[in-house]
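Asks: Sequence:
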Amino acid sequence: MGSLFRSEEMTLCQLFLQSEAAYACVSELGELGLVQFRDLNPDVNAFQRKFVNEVRRCDEMERKLRYLEKEIRRDGIPMLEIPGECPEAPQPREMIDLEATFEKLENELREVNQNAEALKRNYLELTELKHILRKTQVFFDEMADPSREEEQVTLLGEEGLMAGGQALKLGYAQIDYDALVGPF
-12 MGSLFRSEEM
-2 TLCQLFLQSE
8 AAYACVSELG
18 ELGLVQFRDL
28 NPDVNAFQRK
38 FVNEVRRCDE
48 MERKLRYLEK
58 EIRRDGIPML
68 EIPGECPEAP
78 QPREMIDLEA
88 TFEKLENELR
98 EVNQNAEALK
108 RNYLELTELK
118 HILRKTQVFF
128 DEMADPSREE
138 EQVTLLGEEG
148 LMAGGQALKL
158 GYAQIDYDAL
168 VGPF
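Taking this note's numbering, the leading residue of the sequence shown gets -12, the next gets one more, and so forth.
Hints are computed from structural coordinates only; laboratory data are not their basis. Wrong hints could be hidden among the right ones.
Quick list of the computed label-pair ranges, beta carbon to beta carbon [said to hold, decoys possible]: (1) ALA9 / PRO29: 16 to 24 Å; (2) GLU115 / ALA76: 19 to 27 Å; (3) GLU86 / TYR110: 30 to 38 Å.
With a straight-line Cα cutoff of 16 Å, these simulated EDC-like cross-link-like pairs (lysine to aspartate or glutamate) come out [as the list claims (entries may be wrong)]: (4) LYS57 / GLU95; (5) LYS51 / GLU90; (6) LYS37 / GLU7; (7) LYS91 / GLU47; (8) LYS57 / ASP26; (9) LYS91 / GLU58; (10) LYS51 / GLU95; (11) LYS51 / ASP84; (12) LYS51 / GLU86; (13) LYS91 / GLU68; (14) LYS57 / GLU41; (15) LYS91 / GLU49; (16) LYS51 / GLU93; (17) LYS37 / ASP26; (18) LYS51 / GLU7.
For each residue, glycine too, the CB sits at the ideal point set by N, CA and C.
All chains should be built: construct the whole structure from the sequences, respecting the hints.
Replies: What follows is the structure in structure tokens.
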């Protein structure tokens, strides 16, 4: 295989290809690495070019792959990396399948991330409620203790204690907090 050094002998050629065979020919030439393409229409806007939609699709698939790779690396999942080896360009019909697969994987991963965030939020809320219930239970246990009548008078006043002695019997039940939220 040759290389494209500045001092290497080169030949300027112009190829005319049928549009049905253009993708396969350019793909093969690109994989050989012996060809340099020159833009013969530099004045044409990028959005007016013939294959702009295919380029956009490839850019979008690349974005989805970068997102998937970032999530894989974030979770510490090992990936198989083959140094120096580039895969062959897929055929146009394979591109449609790849595009659908990447779309499906991206949507599933985003949904999994949203569900994980919702579960974390629910867990933190339930843990907070569990602690509140425990503190409330301790408070009621202390208030029901007859040896703490001075604090009860301070909190409820004389009228509260004299109201039939029922002010402290609030009718609460013992709650199994670990069954509500689970262990830490």
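Asks: Tell me, in ascending order, the numbers of any earlier hints that this structure violates.
Replies: The structure breaks hints 2, 8, 13, 14 and 18; every other hint is satisfied.
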